[in-house]
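Visitor: Keeping their order, the protein sequence lines are chains A and B. Quick note on numbering: the first sequence equals residues 0 to 241 in numbering that gives the first Met the number 0. Quick note on numbering: the second sequence equals residues 0 to 241 in numbering that gives the first Met the number 0.
Just so you know, these hints were derived from the structure itself, not from any lab. Hints should not be assumed to be uniformly reliable.
Copies of the same chain are indistinguishable here, so a pair counts whether it falls within one copy or spans any two.
To be verified - Result set (DSSO-like, lysine-lysine): computed pairs, CA atoms no more than 30 Å apart in a straight line:
#1 172 <-> 1
#2 2 <-> 212
#3 212 <-> 47
#4 165 <-> 25
#5 25 <-> 172
#6 2 <-> 25
#7 144 <-> 1
#8 25 <-> 41
#9 2 <-> 63
#10 1 <-> 191
#11 2 <-> 191
#12 1 <-> 25
#13 165 <-> 1
Residue-level listing of the chains:
There are 2 protein chains.
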Amino acid sequence: MKKVTIVGIGPGGYEDMTVRAINAIKDAEVVTGYRLYLGLVKDLIGGKETFCTEMRGEVERCQKAAEYALSGRNVVLISSGDAGIYGMAGLMLKVLEDHPEVETEVIPGVSACQSGGAVLGAPLVHDFAVISLSDLLTPWELIEKRLAAAAGADFVIVLYNPGSHKRADYLSKACDILLQYKSPDTICGIVKNISRDGEEHHFMTLRELRDTKVDMLTTVFIGNSHTGIINGKMVTPRGYRI
Amino acid sequence: MKKVTIVGIGPGGYEDMTVRAINAIKDAEVVTGYRLYLGLVKDLIGGKETFCTEMRGEVERCQKAAEYALSGRNVVLISSGDAGIYGMAGLMLKVLEDHPEVETEVIPGVSACQSGGAVLGAPLVHDFAVISLSDLLTPWELIEKRLAAAAGADFVIVLYNPGSHKRADYLSKACDILLQYKSPDTICGIVKNISRDGEEHHFMTLRELRDTKVDMLTTVFIGNSHTGIINGKMVTPRGYRI
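Use the sequences and the hints to build the structure in full.
Guide: Below, the structure written as structure tokens:
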């Protein structure tokens, strides 16, 4: 059988992986992925053959995984978080477009909106929108349109890839759009290095978020009009009467 | 220490749970939750004390968990999927509002948008919005507004609670709104009984989805304008050049 298993490993620690993800890596003959993420699961990989690339080596990683599968090797492609949420699952399926004989399995994992949300409290208990601020692969105009639409309909909003050295002002630009629809007092939270050394989180208003510095390892949560702070946790209510 | 641990168990099977969720249940003295979900993890619960209620017993469940915590018992509150995505985490934190001395921990799990997405392929690889069609706790007008906003900005959309006996026409009503913004040929997918006996999934266009019957155990995925079918899987591209 020719098969590629695309595995979401969650934020990085063994405890946050699903049993299915752990077993898939244990059962694999070859493990491929971004070098940093292979390092996170090196104890599971042990002495297995690996193939890793650096950032932006996504296409090469998938092509190599396809080669392994076509040669009959049991290959796992690692994705951080959930392989299906801004993860490698889509690209892997695309790379295999001309090889319908290769079976694929996607194993979900805990994504940053979930692990970060759990650190902050319960921000996503009502309708939410997930938006990446990276314009490497998406026109900035479309990102702006989505920010405006999500804010206008009072979604809780999670921002992935909110900033980097090159994109230092993107979060400010995004907040300026959100502030056209959401109150400047909207409760927000940011989580950095989720489940890793140096994890930190902070609560702030949308007005304060606008002038907050973030990096690629930060996930940003913007509440809806009912989101509040309860005992130091960010909580979006669902409407129960208690 | 007084503490409530709110645990997301994922779609229901042991393999789809995180190690952290499994350990939390194993370590608990008392397990509370909806009767059906306790049944899904009965092997982990073993002979422990449990407290369960039926559907709509959410407030009672949380109040009981709070009582256990206040009396010093190590209590776990079970939520299906992710405790933080339409799960019990928000209500539990609210119920504990007057008890800041009780520590809380939210353990994320695999939500239906992830487990269902993995069954379908990779529909959520780009920006997406998650909307519940249940108007038990949310005014229908707000749900309509969110559907229109998400469709107008070309989000991939995931619908939770898309229908029930009482709400048989809600999905059709939702699709009528989406069809004002999205092409009738938009690729959609539905997954029923995710990871359970009787799991089934189907692909269809948005026009066809409008006339499809669904129940509370179905999760609905509506693609963006670039979503397609590759080798029998629903794939939303991210924009890589290959």
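Visitor: Work down the list of hints and note, for each, if the structure agrees.
Guide: Evaluation of the provided hints:
no., hint, in the structure
1, 172 <-> 1, "neither (46 Å within a copy, 43 Å between copies)"
2, 2 <-> 212, "neither (42 Å within a copy, 33 Å between copies)"
3, 212 <-> 47, "neither (40 Å within a copy, 47 Å between copies)"
4, 165 <-> 25, "neither (38 Å within a copy, 46 Å between copies)"
5, 25 <-> 172, "neither (44 Å within a copy, 46 Å between copies)"
6, 2 <-> 25, "within (15 Å within a copy, 34 Å between copies)"
7, 144 <-> 1, "neither (41 Å within a copy, 45 Å between copies)"
8, 25 <-> 41, "both (11 Å within a copy, 26 Å between copies)"
9, 2 <-> 63, "within (13 Å within a copy, 47 Å between copies)"
10, 1 <-> 191, "between (38 Å within a copy, 27 Å between copies)"
11, 2 <-> 191, "between (35 Å within a copy, 25 Å between copies)"
12, 1 <-> 25, "within (18 Å within a copy, 37 Å between copies)"
13, 165 <-> 1, "neither (41 Å within a copy, 45 Å between copies)"
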